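Undergrad: The chain contents come next:
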Amino acid sequence: MSGRDPIKDTGRELQMFSVRAITAAVIALLLATTVFTRLVVLQVVDHQHYQSLSQGNRVRIEPVPPTRGLIFDRNGILLAENITAYQLELIPEQVEHLDTTLQRLRDLDLLDDEDESRFRANLKKNARRFNPVPLKFRLTEEELARFAVQRQNFPGVDFRARPARHYPLGQLAVHAIGYVGNLSLADLERIDNTEYAGTTHIGKTGVERAYEDELHGKVGYQHVVVNAQGRSLQILKRSPPIPGKDLYLTLDVPTQRAAEEALDGRRGSVVALDPFNGEVLALASTPGYDPNAFARGLSSREYARLRDDPSTPFLNRALSGQYPPGSTIKPILGLAALHYHTLNPWEKSYCQGYYSIPGNDHRYRDWKIEGHGEMNLVDAIEQSCDVYFYQLALELGIDRIQLIMKLFGFGSRTNIDIRGERSGLMPSREWKKKRFKTPAERVWFPGETVITGIGQGSTLTTPLQLAYATAAIATHGRRFRPRLVDAVRDRTSGEIEQRAVEPQMVINIGVPGDWQHIIDAMIGVVHGQRGTARAVGLNSEYRIAGKTGTAQVFTVGQDETYDDLDLKETQRDHAWFVAFAPAAKPRIAVVVLVENGGSGSGTAAPIARRVMDAYLLDQFRPDDGT
Amino acid sequence: MELDSGHQRKPLNLMGRMLMRLHVDGPLLLLLLLICGLGLFILYSADGQSMARVNRQLVRMFVAFCAALIIAQLSPNLLRLWSPWMFAGGVVLLVLVEFTGESGKGAQRWLDVGLFTFQPSEIMKLAVPMMLAWYYHNRPLPPDLRMLAMGLLLIVIPTTLILRQPDLGTSLLIASSGVFVIYLAGLSVGLIVILNLLFAGIAPLYWHFFMHNFQRQRVLTFINPESDPLGAGYHIIQSKIAIGSGGIFGKGWQNGTQAQLEFLPERSTDFIFAVIGEEFGLLGLLTLLVLYLLVMARGLYIATQAQDTYSRLLAGSISLTFFLYVFVNTGMVTGLLPVVGVPLPLVSYGGTSMVTLMAGFGILMSIHSHRKFMAQ
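Keeping their order, the protein sequence lines are chains A and B.
Going by this note's numbering, the first sequence wraps up at 626, each residue one higher than the last.
Going by this note's numbering, the second sequence wraps up at 376, each residue one higher than the last.
Don't read these hints as lab results, they were simulated from the structure.
Careful: at least some of the hints might be erroneous.
[Unchecked claim] Derived CB-CB ranges, DEER-like:
#1 Pro439/A to Arg56/B: 47 to 57 Å
#2 Thr160/B to Pro92/A: 27 to 37 Å
#3 Glu430/A to Phe99/B: 25 to 35 Å
#4 Asn182/A to Arg56/B: 48 to 58 Å
#5 Glu62/A to Leu283/B: 43 to 53 Å
#6 Leu283/B to Phe314/A: 27 to 37 Å
#7 Phe314/A to Ala203/B: 55 to 65 Å
Values in this document were obtained by computation on a predicted structure and should not be read as measured data.
Ideal Cβ positions, reconstructed from N, Cα and C, are used throughout, including at glycine.
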């Protein structure tokens, strides 16, 4: 070919294109003919063969769902198991008078409106009349007995055993463990559908959801002989499923129980961590709800009642509840001041009950109207003097405050191993610039720094986040990612895989003496003469370092006096208490939040004491058989 | 030489004039509607008589036809100007998938764009032939070695990215759409032979170093279906039984035991061709095959009537690629080719590929309806 001419030759190009197109069309026709020939072979020549194969197609492959892994606490106490539940089913082709049968079941009080409408909906979807359609899930023993005596009068209706999830301790730690529920359309989008063939439930929240892959196991198959209508006759061979793995949680049931009992009747949360490895010893949020109801299947009415409950039982307050931290952050601010040398910790300053920024007569009030008098850093933490910290915060400035607070985890997730965690909020100049639109709103005011000093203003934290920060004080700055699962056990091989402790960057501020100075002040909060939580320190068998906090919900006007009794319950302050113990060698860090609980010392601190007692004192420990 | 295709303005009836004004190609539209209608009809039967799924598919078809009509309004010149940008954008998205893509079912193909997720590889199905047609349209044809190398590079970049996702079927089909452009541009027969030999040489290397285990398994299963009776082999065995037992006339609508008793997997998606074979027999399949061939033929006719190189190459590649889809799917369902997971165009249940296909037909309509009729 000599046609390498740089000038386009359109005519030749067009002619060549036509040849090429026709050649391609001929090849396509040949390929189509190949397919057609193949079809003729299959459908005409070998038709008899395939027809007999189709008629004799008696072996169907059915999935066998795996059994779900069990969940234990750190002591081996069972938290989630699989039990046999009985479900009432009806086989349409065996029932002559459907309506009368249903009516008679209703007369026996075995069916209600909701069961019946769900059954009728399922009946429409069920293509084969020999397949059973569920009438009622999870019969109680009494219902089972009532039906059993009448069984011969109900041809085509029978009960069937199915595996079901059961939480033997009921709603204990429901926000940590989570629950399983019916597979929804949204679930089907995110899972491998073949792995869930034959499975009806899936982890929805908590550990049940986060460790779904471990808990679920691998599906098995069986070859079943079926007749021409598709009815199963016989199992030929089975490749058994691989059961899900068991989980050992870091949770300690006695501690968890103490937390929930102490919180009982209130809206609140308790988070307890082992400060030296991030193990979550207790994670409570009240009110809770019964996970067994979800595993059984809630009626829409029951669900709506829980969802619309004003005390929001579904809210996991420990991870998703965001509150102003109040005075609980004073120890950290004290540490920041020591690090930046903005104050002499021994120097006393005078608290007259209010503070004003120099050159401005707005009064930021102390909770103690008459004032605390002469205060140094230790006194100010012990007695939670607001005025001292107003001034401390102003001297530090918001930039340094937010830098240190962020090191302690404020404003970001702790990355605990379950979902639903919120990040709280640590305000800064940059945050204000991003958050607001008008230039006037974007300015950071000194007054905002002042109230940040007592954990008010825009600052928000979750109980988990505050527990993480408190644990970091206890360890002099060593931090560990909080986790709920300690080990995963393979049930077939018995192999136990320990989850690694995940140390995070050490907070490297101040000198060791600075940390001890702050911890001593926190010990003073509980054991000192004038400590705000001295009531809970009385007769304790171990030393506690703590800090009370009261987060304002309702803003009090400049000239009003705060009077608890005049405020509605939901306008009352949130009560906080953060603590770790034993103070010299901390084994547990606890945070207690009581929504609208009033004072931290009166409401929250006693709860923390009960939780620490349950973990640290022998008489509350489970009998380990020695 | 000047453009001299010798078209005569044919007298058009009212209907024809209306379609022309809407930039719609009547014969092509009719064929596509017939195939889609047949598809809905069989989907109802294949999917357990569920009207809900049929309705969803109907909505997708509507969206896809709208996409085609909108694209038909754009002039080929505009499409040509956009081609390199689309291609570049598509490559960027593929790179994004590589780093941030959502993996669905073990393969990383989807990109989350806030409101919805989509596969950038779908864009490439059109962007690759558009890019190659753009590259060749103002260069002297047939292409010399340098132009061939450039064309191959333009194909290899996106297909390698898609292979890494890993999606063997799609990357091969996209590569083919590009190769069709080079072929139609007039690549010499000698070079075609050499390229084929090269490819045959690369294939074993590819098997050893780049293929995922599940992809190797599919090829092995193709050679011996009985080796994997639970997975892909089971698909092929059941699909052959379904087609074979259908005979010449089929078992009748909704009467296919293979499909209705759920022996046939993927009945509404990749293996829907077998359901047609079981319920409508050889006659049903033949009808469908003829419809597909006619669509391709119409597309190639439009290509030969096109007035510039870009339109010609693009229209030709779109038509041939469409038929390649049909061949790969029917070949796979009848056991001629390995199971590669390519849906039957316009008939299989599913939305993404439908929109891309119809967008391609929109381009064909645009090319055909934007021709300028030249006076002699």
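Undergrad: Hint by hint, say whether it matches the structure.
TA: Cross-check of the supplied hints:
Between Pro439/A and Arg56/B the Cβ separation comes to about 50 Å, which falls inside the hinted range of 47 to 57 Å. Between Thr160/B and Pro92/A the C-beta distance comes to about 55 Å, which lies outside the given range of 27 to 37 Å. Between Glu430/A and Phe99/B the CB atoms are about 27 Å apart, so this pair conforms to the stated range of 25 to 35 Å. Taking the beta carbon of each, Asn182/A and Arg56/B are about 22 Å apart, not inside 48 to 58 Å as hinted.
A hinted range of 43 to 53 Å for the beta carbons of Glu62/A and Leu283/B is inconsistent with their spacing of about 34 Å. Checked against the hint of 27 to 37 Å, the pair Leu283/B and Phe314/A fails, with Cβ atoms roughly 58 Å apart. The hinted window of 55 to 65 Å between Phe314/A and Ala203/B holds, with their beta carbons roughly 56 Å apart.
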